[in-house]
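*Asks:* Using the sequences and the hints given, assemble the complete structure.
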Amino acid sequence: MSRRAASFILGFALALLVGGGLWWWLSGRLHRGFGASGQEAAGQEGERVAFNLYFPGAGGGLQAEARELQVTGAPKDRIRKLVDALLAGPQTKGLARPFPEDVALGSVQLSRDGVAYVDLRWPDHQDPPPGGSTEEIQRVYSIVDSVALNVPEAKQVALLWNGVQRETLSGHLDLTRPFVPDRAPAQAVPAASR
Amino acid sequence: MAGEAVAAPARWSEGGAILSGVKHRRIRTPLTFLFLLLPVLVAAQGERPQAPPAAAGAGARATVALEGREIPVPVTINPSGPMFGLVPLVDALGGKLTSDEAGESFTLRVADKDVVLGPGNAIITVGDAIISVSQPPAPGEGGLQVPVDFLRKTYGDLLGYAFEWHPETNRLTIAQRETREMAVMLDVVHLQGMTTVVLQFPEEPRYQIDRQQPGAIVVQMLADRLTPPSPPKVVQDPLVQGVTIEPQQVRIQLVAGTQAESYILQNPFRLVFDIHPTSAVEGPAAPSAPGAEAPGVRTIVIDPGHGGAETGAIGPGGVQEKDLTLQLARELEAKLSQHLSVRVVLTRNEDSILGLSDRTAIANQNKADLFVSIHLNSSLGSGAYGTETYFLSPQATDPRAERSAAAENAAPAGGAPPAAGDAAAQQDLQLILWDLAQAHHMAESQRFANMIQGELNQTLQLKDRGVKQAPFRVLVGATMPAVLVELGFLSNPDEEKKLQDPAYRDQLVEALSRAIGRYKALVENKPEQPSAGQPAAPPQAAPGRPAAPPSAPAAPPAKPPAKMGAVAVGAPLRGRPGGTGRPHRAAPTATSQRIGRPA
Numbered sequence: 297m298s299r300r301a302a303s304f305i306l307g308f309a310l311a312l313l314v315g316g317g318l319w320w321w322l323s324g325r326l327h328r329g330f331g332a333s334g335q336e337a338a339g340q341e342g343e344r345v346a347f348n349l350y351f352p353g354a355g356g357g358l359q360a361e362a363r364e365l366q367v368t369g370a371p372k373d374r375i376r377k378l379v380d381a382l383l384a385g386p387q388t389k390g391l392a393r394p395f396p397e398d399v400a401l402g403s404v405q406l407s408r409d410g411v412a413y414v415d416l417r418w419p420d421h422q423d424p425p426p427g428g429s430t431e432e433i434q435r436v437y438s439i440v441d442s443v444a445l446n447v448p449e450a451k452q453v454a455l456l457w458n459g460v461q462r463e464t465l466s467g468h469l470d471l472t473r474p475f476v477p478d479r480a481p482a483q484a485v486p487a488a489s490r
Numbered sequence: 057m058a059g060e061a062v063a064a065p066a067r068w069s070e071g072g073a074i075l076s077g078v079k080h081r082r083i084r085t086p087l088t089f090l091f092l093l094l095p096v097l098v099a100a101q102g103e104r105p106q107a108p109p110a111a112a113g114a115g116a117r118a119t120v121a122l123e124g125r126e127i128p129v130p131v132t133i134n135p136s137g138p139m140f141g142l143v144p145l146v147d148a149l150g151g152k153l154t155s156d157e158a159g160e161s162f163t164l165r166v167a168d169k170d171v172v173l174g175p176g177n178a179i180i181t182v183g184d185a186i187i188s189v190s191q192p193p194a195p196g197e198g199g200l201q202v203p204v205d206f207l208r209k210t211y212g213d214l215l216g217y218a219f220e221w222h223p224e225t226n227r228l229t230i231a232q233r234e235t236r237e238m239a240v241m242l243d244v245v246h247l248q249g250m251t252t253v254v255l256q257f258p259e260e261p262r263y264q265i266d267r268q269q270p271g272a273i274v275v276q277m278l279a280d281r282l283t284p285p286s287p288p289k290v291v292q293d294p295l296v297q298g299v300t301i302e303p304q305q306v307r308i309q310l311v312a313g314t315q316a317e318s319y320i321l322q323n324p325f326r327l328v329f330d331i332h333p334t335s336a337v338e339g340p341a342a343p344s345a346p347g348a349e350a351p352g353v354r355t356i357v358i359d360p361g362h363g364g365a366e367t368g369a370i371g372p373g374g375v376q377e378k379d380l381t382l383q384l385a386r387e388l389e390a391k392l393s394q395h396l397s398v399r400v401v402l403t404r405n406e407d408s409i410l411g412l413s414d415r416t417a418i419a420n421q422n423k424a425d426l427f428v429s430i431h432l433n434s435s436l437g438s439g440a441y442g443t444e445t446y447f448l449s450p451q452a453t454d455p456r457a458e459r460s461a462a463a464e465n466a467a468p469a470g471g472a473p474p475a476a477g478d479a480a481a482q483q484d485l486q487l488i489l490w491d492l493a494q495a496h497h498m499a500e501s502q503r504f505a506n507m508i509q510g511e512l513n514q515t516l517q518l519k520d521r522g523v524k525q526a527p528f529r530v531l532v533g534a535t536m537p538a539v540l541v542e543l544g545f546l547s548n549p550d551e552e553k554k555l556q557d558p559a560y561r562d563q564l565v566e567a568l569s570r571a572i573g574r575y576k577a578l579v580e581n582k583p584e585q586p587s588a589g590q591p592a593a594p595p596q597a598a599p600g601r602p603a604a605p606p607s608a609p610a611a612p613p614a615k616p617p618a619k620m621g622a623v624a625v626g627a628p629l630r631g632r633p634g635g636t637g638r639p640h641r642a643a644p645t646a647t648s649q650r651i652g653r654p655a
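Those sequence lines, one after another, are chains A and B. Going left to right, the first sequence walks through residues 297 to 490 as this note's numbering numbers them. Going left to right, the second sequence walks through residues 57 to 655 as this note's numbering numbers them.
Be aware that a few hints might be false.
[Unchecked claim] Only part of the chain B face toward chain A is listed, based on derived beta-carbon distances under 8 Å:
| # | residue |
| --- | --- |
| 1 | G368 |
| 2 | L432 |
| 3 | N433 |
[Unchecked claim] Pairwise CB distance ranges (calculated):
| # | chain 1 | residue 1 | chain 2 | residue 2 | range |
| --- | --- | --- | --- | --- | --- |
| 4 | A | G459 | B | D266 | 53 to 59 Å |
| 5 | A | Q405 | B | I409 | 26 to 32 Å |
| 6 | A | S407 | B | G176 | 30 to 36 Å |
| 7 | A | L318 | B | G137 | 55 to 61 Å |
| 8 | A | G355 | B | D205 | 47 to 53 Å |
| 9 | B | G159 | A | G385 | 55 to 61 Å |
| 10 | A | G355 | B | V328 | 39 to 45 Å |
Don't read these hints as lab results, they were simulated from the structure. Since the model is a prediction, treat every value here as computed from it, not as a measurement. Backbone N, C-alpha and C define an ideal beta-carbon position, used for all residues, glycine too.
*Replies:* Here is the structure:
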């Protein structure tokens, strides 16, 4: 092969590489949308938006607490702020904190099909706090409802603990699948249908 | 040129050099393409699934040396170890091996204990103990084939045989282990009309209990010898005539009109017999023989929630859920054995951790007709108290499974097959995953849950928190009507205190026992039997049916419990993939409200 031909092939390969890189970058930009980027940039400081947070209440249920949170338009940011506020505890007397004080939000992922993966971390603890079924239902659904009833992009919520998807949180609810929200978890089947 | 082209793909590393030697452009271009394509093809070939290697040694025979005899036994040598045909070994060592019609569950009766095993499942039960073996039993020559540790944990532990596998000679030697001499201590206590006889051993003996002898219970030593206490203990008891301890057996002679129940306590090993006068009010007649097609409740699996490091709820006074659930389960077992002709199996009978899938696996393997998981509750926030009963909120998001579950729940009374149009759904039932098996029993689970809640309300006048649905992991995969009952809130100081009171617990257990009795009568189409000393609760309306008056016979079941084996029985209970990514969702029933329904 002549030197000229070799140079041509090398040049072609380089051009292919640069062109491919450019295409990858551009397609990513196009997929997200330039407008969205601008919105995110513009929304860095965010705005105050009204939400309902669902805290464990008296009698074993959940009770909504109205809050205004400073959020951007990005769904993941909203989920983070909502879970952070939930973990920080209620402001209404009579409502309870769903998790121990040092449980914190690890990470949030939002899949294209609308499943929000919420990873909770509890430093120095491998397992979640023990509890009965009602306690577990209150814990899980406080997160599920607070996220999925406030962020339309999150249709379902999967809960992870210390980065791992567990079989259950404390021996009851099946965590191997994502949950859809329920404003009144563990409501009794109406007597008429019994 | 043709020769050059043939030589081209000779060596990878030389590809460039070979190509550079190809002068003709028409040849060089396709060769370049081929060189680029070659690694792709090689990589694709590497990803192609390889056929699993056939089990080495399948169809081979091993020689089993037993007491001077040599017995040929089919063996399959797997990478994890040999698997032996069970039938010839049972013939040689004794015992009785039976299987259900579908061949999904086998029972080996050895030394008065039932060993329940199933193909494809590495968990077996030996009496009440749940044991994991190194390889799941598998169908093969010589019936079901089992690993050598299965033999050690059954024939070894129960009859004192020692098994040694010699791979180099393809030989399994079976020898009787040396007979152990063990001292036995005897204690007899009479309290509140019941006598408790306790035999304490330094370690678990190899024994069987013979109940066939009239008026006596005999604990027969199988491979151990007892050292009787010296001087002999003289027993003076209103219900026990005497206890004789000999090297080969312990004989407990009962007074006429008494009956006994036995159970085991560990650390140290104790064999306990509770002896009480025969109850004046007996339960319903004994169920028909196993294998009969008539619907019935013959085996009930009681699951004491949590255990071991999993404490469950902890009350403000420090009471742990796992301890109370075990206590309640044992008390319920005793009550059921006393009043109903049923076989009762506890998923755990000690403070040990047990996986949630294993609990339903035990129920499935034992062909249970009912599964009752006992729990105690706790809540965040104040003011929660009372009892509630759950059945599964199905996770049927697959439309086929939803249709199937809908067809099941909409099944007409009398157990008639689903209406036309549901045929497709019925067919789909055969396809749904094993963890949707409970969807097949939703209607019966709900009915049973209603009965439990009704009895708890009536007996204890507690706050009725109702019958509920939730995607509880322990109910997933149960191939029979299954409920989880919450018997009170440990987080409530008053209820925590009450739950420690044996009399209060007895009321709870009585209510559960009565609900089980009512459900059994309903399924078996018999008039409901009241428990001893308790009035019968009025029958509760089945879904869509008017309640029968208290004096009337129980209404026939709206639908007899579906037979196990349709989809899930026999399916692997371990090692299945965890999450499928499908969300928890509402059941297709129109009347239920449950966790997980769409907002």
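*Asks:* Determine for every hint whether it applies to the structure shown.
*Replies:* Hints, one by one, checked against the model:
| no. | hint | result |
| --- | --- | --- |
| 1 | G368 | holds (6 Å) |
| 2 | L432 | holds (6 Å) |
| 3 | N433 | holds (4 Å) |
| 4 | A:G459 with B:D266: 53 to 59 Å | holds (56 Å) |
| 5 | A:Q405 with B:I409: 26 to 32 Å | holds (31 Å) |
| 6 | A:S407 with B:G176: 30 to 36 Å | holds (34 Å) |
| 7 | A:L318 with B:G137: 55 to 61 Å | holds (58 Å) |
| 8 | A:G355 with B:D205: 47 to 53 Å | holds (51 Å) |
| 9 | B:G159 with A:G385: 55 to 61 Å | holds (57 Å) |
| 10 | A:G355 with B:V328: 39 to 45 Å | holds (42 Å) |
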